[in-house]
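Residue numbers (the working numbering), protein chains in the order written: chain A, 346 to 487; chain B, 346 to 487; chain C, 346 to 487; chain D, 346 to 487.
Treat the hints with caution; some may be incorrect.
[Unchecked claim] Per label pair, the in silico range of CB-to-CB distance: (1) GLU446/D x GLN449/A: 41 to 47 Å; (2) ALA400/C x ARG471/D: 32 to 38 Å; (3) ALA395/B x ARG388/D: 39 to 45 Å; (4) THR468/D x ALA482/A: 40 to 46 Å.
[Unchecked claim] Here are a few chain B residues that sit away from chain D, every Cβ distance over 10 Å (derived from the structure): (5) GLU398; (6) ALA407; (7) ARG412; (8) ALA416.
[Stated by the list, open to error] Some chain C residues close to chain D (C-beta under 10 Å, calculated; not the full set): (9) GLN366; (10) MET367; (11) ILE369; (12) HIS372; (13) ASN374; (14) ARG388; (15) GLY391; (16) TYR392; (17) TYR394; (18) ASP396; (19) GLU398; (20) CYS410; (21) GLY414; (22) GLN415; (23) SER484.
Calculated directly from the structure, the hints in this document are not laboratory data.
For clarity, every value in this text was computed on a predicted model and none was experimentally measured.
Idealized CB from N, CA, C, for every residue including glycine.
Protein chains: 4
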Amino acid sequence: MRGGEHEGTVHLRVRYSETDQMGIVYHANYLVWCEIGRTELMRELGYAYADVERAGIRLAVAEACVRYGQAARYDDALRVVARVTAAQSRAISFGYEIHREGEQPALLATASTRLVAIDERGTPRRLPPELLERFRAGSSQE
Amino acid sequence: MRGGEHEGTVHLRVRYSETDQMGIVYHANYLVWCEIGRTELMRELGYAYADVERAGIRLAVAEACVRYGQAARYDDALRVVARVTAAQSRAISFGYEIHREGEQPALLATASTRLVAIDERGTPRRLPPELLERFRAGSSQE
Amino acid sequence: MRGGEHEGTVHLRVRYSETDQMGIVYHANYLVWCEIGRTELMRELGYAYADVERAGIRLAVAEACVRYGQAARYDDALRVVARVTAAQSRAISFGYEIHREGEQPALLATASTRLVAIDERGTPRRLPPELLERFRAGSSQE
Amino acid sequence: MRGGEHEGTVHLRVRYSETDQMGIVYHANYLVWCEIGRTELMRELGYAYADVERAGIRLAVAEACVRYGQAARYDDALRVVARVTAAQSRAISFGYEIHREGEQPALLATASTRLVAIDERGTPRRLPPELLERFRAGSSQE
């Protein structure tokens, strides 16, 4: 993932509630972190997700994949990086990296999600043009 | 807790996702189980919570207390029992017991919650009279 | 997915805690349901996951993908079906279907996960031969 | 709650995953936030909870109560304050306040928990004297 202005980065500390009895973070929680990164990316693009919902549009997850490497553990300091990888009129794709920071930094997981725009009844909709424009400007597509 | 027709009982198996690295169930999840028991109790009283929401009323939790005894563990078979302990025009109180079933049955926890009726904007409302009537009929108050 | 004895099937009802403010189930929770299906499949293969952990082996999720169709909603009755799709000495792959039951039955989502065997310190391990044998017998691979 | 050095304070932003279909935060999540505040308090007292576990002691929640006022909502900026309210050789009590920050600041909820020290098998234990001392020094008891 390129560095640059078109990324959303958040810093998190692993919560006790996110661990399971294997002593590591329960795998579904990585999707929660991805979403926090995505929220931050949208805020940085100038279009907070809360604003999107106020405009009557929801972005529903249509597909999500996570590849897990080393496990995240309780109290780990994490850095989640999100970026737009594709922006179409009805669907946006995001890529994510989850890094452990501190003394033993490592890339712990990568993930991707595809989101589709729907209205309050669940009917597919086009993204607001202004939002789409910002996603395209923020995308790493060439 | 008296036995009888005015209880909602559900049977659950502890999920892996509900454990934490202490090797037991994370404490906040007991409130989730209480809510499932409450949902079942309302269904048995003939007034599913989904119906309540369709009528424009939400029941928001105003107070919740849990006392934990022996810990619930992964794959334990549980029985959650809920009953109405007080029914007022704007607030309903529930009591709960969480039991482990199987070879080593035990009462694992007790809990109580008080719920208040609000509308979609969060404004306090009276409970629909029919619902209140059912809660009162279903209550163990004398 | 073929019908047959080599599937694990569980019936769930969507919990209120699993919804989000979009009015549908939060997407990460589908992975929790997949895991419950996987647990049931292992139980049916005669090798409960709790037994696997007692033998010092953990099955850690190395990869997970979910494709979401129609959304699951509060109080929906679901059927989760899991089966083994590949069984190797160090890694097992599973496929999943999440169906809504009742008046408007539908396939809501499909998913896949790949799990690797590790010991208590996180070191990769071979699966116990007996468990691998059962996974292979239970697999839909030819 | 007195201001002062004996508090643990954390700043959180409400996650989408923490909301439910009522459009507000699901009530059980407040206990998660309390725990994050407690973790921070312990870190500030110089005894991180991760260190406590490394010493073979777990602090298990024996009792938890939450009083909910105005609801927390998606993307709200929160401040969670935790302090020790009682410190005994086998049990520690904590009090919590959850505040919304920003343009419309408000105290959203208060909570209390009592934790007991147990070893890895769940047997009650005394707290390590050094930890107890720090809790006592950090307590607001007179």
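How the hints compare with the structure:
no. : hint                            : verdict
1   : GLU446/D x GLN449/A: 41 to 47 Å : violated (33 Å)
2   : ALA400/C x ARG471/D: 32 to 38 Å : holds (34 Å)
3   : ALA395/B x ARG388/D: 39 to 45 Å : holds (43 Å)
4   : THR468/D x ALA482/A: 40 to 46 Å : violated (60 Å)
5   : GLU398                          : violated (8 Å)
6   : ALA407                          : violated (5 Å)
7   : ARG412                          : violated (5 Å)
8   : ALA416                          : violated (7 Å)
9   : GLN366                          : holds (4 Å)
10  : MET367                          : holds (8 Å)
11  : ILE369                          : holds (8 Å)
12  : HIS372                          : holds (9 Å)
13  : ASN374                          : holds (9 Å)
14  : ARG388                          : violated (25 Å)
15  : GLY391                          : violated (29 Å)
16  : TYR392                          : violated (26 Å)
17  : TYR394                          : violated (21 Å)
18  : ASP396                          : violated (20 Å)
19  : GLU398                          : violated (15 Å)
20  : CYS410                          : violated (19 Å)
21  : GLY414                          : violated (19 Å)
22  : GLN415                          : violated (16 Å)
23  : SER484                          : violated (34 Å)
The structure fails hints 1, 4, 5, 6, 7, 8, 14, 15, 16, 17, 18, 19, 20, 21, 22 and 23 (numbered hints given earlier, in ascending order).
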